[in-house]
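Protein chains: 2
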Amino acid sequence: MTELNTSHGKPRAVVLFSGGLDSTTLLALALHDGYEVYALSFRYGQRHAWELKAAETIARQMGVAGRRVFEIDLRAFGGSALTDNIPVPKGRDASTMTREIPVTYVPARNTVFLALALAWAETLSASDIFIGVNALDYSGYPDCRPEFIEAFQHMADLATRAGVEGRQKLQIHTPLIHLHKSEIIRKGMDLGVDYSKTVSCYDPVPEGLACGECDACVLRLQGFAENGMRDPAPYVSRQKVEGSNQ
Amino acid sequence: MTELNTSHGKPRAVVLFSGGLDSTTLLALALHDGYEVYALSFRYGQRHAWELKAAETIARQMGVAGRRVFEIDLRAFGGSALTDNIPVPKGRDASTMTREIPVTYVPARNTVFLALALAWAETLSASDIFIGVNALDYSGYPDCRPEFIEAFQHMADLATRAGVEGRQKLQIHTPLIHLHKSEIIRKGMDLGVDYSKTVSCYDPVPEGLACGECDACVLRLQGFAENGMRDPAPYVSRQKVEGSNQ
Chain A
330 MTELNTSHGK PRAVVLFSGG LDSTTLLALA LHDGYEVYAL SFRYGQRHAW ELKAAETIAR
390 QMGVAGRRVF EIDLRAFGGS ALTDNIPVPK GRDASTMTRE IPVTYVPARN TVFLALALAW
450 AETLSASDIF IGVNALDYSG YPDCRPEFIE AFQHMADLAT RAGVEGRQKL QIHTPLIHLH
510 KSEIIRKGMD LGVDYSKTVS CYDPVPEGLA CGECDACVLR LQGFAENGMR DPAPYVSRQK
570 VEGSNQ
Chain B
330 MTELNTSHGK PRAVVLFSGG LDSTTLLALA LHDGYEVYAL SFRYGQRHAW ELKAAETIAR
390 QMGVAGRRVF EIDLRAFGGS ALTDNIPVPK GRDASTMTRE IPVTYVPARN TVFLALALAW
450 AETLSASDIF IGVNALDYSG YPDCRPEFIE AFQHMADLAT RAGVEGRQKL QIHTPLIHLH
510 KSEIIRKGMD LGVDYSKTVS CYDPVPEGLA CGECDACVLR LQGFAENGMR DPAPYVSRQK
570 VEGSNQ
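For the protein sequence lines, the chains are A and B, in the order given. Residues in the first sequence are numbered consecutively from 330, following the numbering used here. Residues in the second sequence are numbered consecutively from 330, following the numbering used here.
Just chain A, with the same shape it has in the complex (with noise of 0.2 Å):
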């Protein structure tokens, strides 16, 4: 570690945070492991914005050292229902959900995240990425695969000054990319993490209500249940897995 990479002696790193349930664990872990963390989030064209303001008020609370909302209309190619008007699909069992490309898929969106976390990490002179991929839950997208992420890490090494001029390289960390979502919960429970404020609903109602029926919802509250727990964020249904006990 150089001292252009620390502050106080912390390394600096990166932590793409969208406001959902892995990203947050993830900042927590950055910050469990002594980083000095700079938070990215993205306004894509995402068919909502609350996941932004969670990320907002998460960001805060957890006590980042920096962050930026980085403007980036992916809407402008189109082809995915988080950012077009394709029907987002509800209600369908978790362990059917992650055997195809799912029309959730937002074409290269993990590359352009990563090479903009990259941009930004060159920029601040930080030594680490955190990117919360997961390969089992959601192994249907092409860009959340340890082979995917191997070949961004090579990449990286050759895209930057840091590459080229023989310093340290950038390293890329996806600590969350081989637990299943209710050992991604107990993680973050471990480490104190409040997931009350957390957004992961593909397609919330008006006030910011998770629908409770939509793949990223099933799968959390699978996730929480799994652990004899009940997902402390607000729901407007929770049918799927909660039966009608709630």
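By construction, these hints were calculated from the structure, which means they are not laboratory data. A few of these clues could be false.
Stated by the list, open to error - In silico contact screen, one side only, chain B against chain A (beta carbon under 7 Å); selected entries:
hint	residue
1	F399
2	A405
3	F406
4	P436
5	A437
6	T440
7	V441
8	T452
9	P471
10	F481
11	H483
12	M484
13	L487
14	D519
15	P563
16	V565
Said to hold, decoys possible - Some, not all, of what chain A presents toward chain B, calculated at C-beta under 7 Å:
hint	residue
17	F399
18	I401
19	A405
20	P436
21	V441
22	A444
23	L447
24	E451
25	M484
Unchecked claim - Restraint-style ranges between C-beta atoms, simulated for each label pair:
hint	chain 1	residue 1	chain 2	residue 2	range
26	B	L465	A	V398	35 to 43 Å
27	A	R397	B	P475	26 to 34 Å
28	B	M518	A	H507	50 to 58 Å
29	A	G395	B	H483	30 to 38 Å
30	B	R372	A	R389	57 to 65 Å
31	B	S525	A	H361	31 to 39 Å
32	B	G395	A	D362	44 to 52 Å
33	A	K498	B	R404	23 to 31 Å
34	A	L538	B	E494	31 to 39 Å
35	A	R397	B	G537	29 to 37 Å
36	B	G363	A	A554	51 to 59 Å
37	B	E479	A	H361	31 to 39 Å
38	A	R389	B	H361	48 to 56 Å
39	B	R421	A	R397	28 to 36 Å
Beta carbons: idealized from backbone N, C-alpha and C, even for Gly.
Use these hints to put chain B onto chain A, whose structure you have.
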């Protein structure tokens, strides 16, 4: 080539197109090679918008199938003379300017641009991406080197639906990478490129005239001079290369 990638029998290509000398030659090459061309330009917080004006005029003249100017404010991260208030170096000799990473390097710029080209290509079902990087004249930029492009290609193979589903992978083309500026110009002249409207200058005067003294101008003027030609683009000054005989 699958039917998906063709329109009127032509394969589709996304061409990264700034309106400069290199990318205008690139566009001519892609059209000559029979591609249906989609030109992608960026408003990335560059100090001037003259090259975007040039890009619009040239793309219309050359007959592209589609065009996008993507807004992405890389100034949010800072760190370059091309986007910040750092002075652009002037009057440097072509032989000395390629040994180090210049202040005009924008952190991770080509990584970001290629990532966005990948996103658009995936949405368009395009089979090819063209980028006008050059490893000779701009060897100081880490993200213009062949090893960077190879690493990006490998990453792209894993990042997209096509890669995962075993369909045809996107091919990244860099036809200018090993050419000297004079060779690029000769190739463009053979293809009938009109260089009078191309803008390469890092720091044009307010009326849009090229300065004639920044690295980009010096390399370009020298490239024409080596072909025994006069650069048809408008300049304020051509002193460094052409001396006082203009």
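Results of checking the hints against the structure:
1. F399: holds (6 Å)
2. A405: holds (6 Å)
3. F406: holds (5 Å)
4. P436: Result: holds, 4 Å to nearest chain A Cβ.
5. A437: holds (4 Å)
6. T440: holds (4 Å)
7. V441: holds (4 Å)
8. T452: holds (4 Å)
9. P471: holds (4 Å)
10. F481: Holds - the Cβ of F481 (chain B) comes within 7 Å of chain A, reaching about 5 Å at its closest.
11. H483: holds (5 Å)
12. M484: holds (4 Å)
13. L487: holds (4 Å)
14. D519: For D519 (chain B), the interface hint is violated, since the closest Cβ of chain A sits about 32 Å away, which is over 7 Å.
15. P563: violated (32 Å)
16. V565: violated (31 Å)
17. F399: Hint on F399 (chain A): holds, closest Cβ of chain B at ~6 Å, below 7 Å.
18. I401: OK, holds: I401 (chain A) within 7 Å of chain B, min 6 Å.
19. A405: OK, holds: A405 (chain A) within 7 Å of chain B, min 6 Å.
20. P436: Hint on P436 (chain A): holds, closest Cβ of chain B at ~4 Å, below 7 Å.
21. V441: holds (4 Å)
22. A444: holds (4 Å)
23. L447: holds (4 Å)
24. E451: holds (4 Å)
25. M484: Constraint on M484 (chain A) satisfied, holds at 4 Å.
26. B:L465 - A:V398: 35 to 43 Å: Because 39 Å falls inside the window, the suggested range holds.
27. A:R397 - B:P475: 26 to 34 Å: Since R397 (chain A) and P475 (chain B) have Cβ atoms about 32 Å apart, the given range 26 to 34 Å holds.
28. B:M518 - A:H507: 50 to 58 Å: Check passed, 55 Å falls within 50 to 58 Å.
29. A:G395 - B:H483: 30 to 38 Å: holds (32 Å)
30. B:R372 - A:R389: 57 to 65 Å: violated (31 Å)
31. B:S525 - A:H361: 31 to 39 Å: violated (60 Å)
32. B:G395 - A:D362: 44 to 52 Å: holds (45 Å)
33. A:K498 - B:R404: 23 to 31 Å: Since the Cβ atoms of K498 (chain A) and R404 (chain B) sit about 25 Å apart, the hinted range of 23 to 31 Å holds.
34. A:L538 - B:E494: 31 to 39 Å: holds (35 Å)
35. A:R397 - B:G537: 29 to 37 Å: holds (32 Å)
36. B:G363 - A:A554: 51 to 59 Å: holds (56 Å)
37. B:E479 - A:H361: 31 to 39 Å: Hint holds: Cβ distance 37 Å, inside 31 to 39 Å.
38. A:R389 - B:H361: 48 to 56 Å: Given a distance of about 55 Å, which is inside 48 to 56 Å, the answer is holds.
39. B:R421 - A:R397: 28 to 36 Å: Since the Cβ atoms of R421 (chain B) and R397 (chain A) sit about 33 Å apart, the hinted range of 28 to 36 Å holds.
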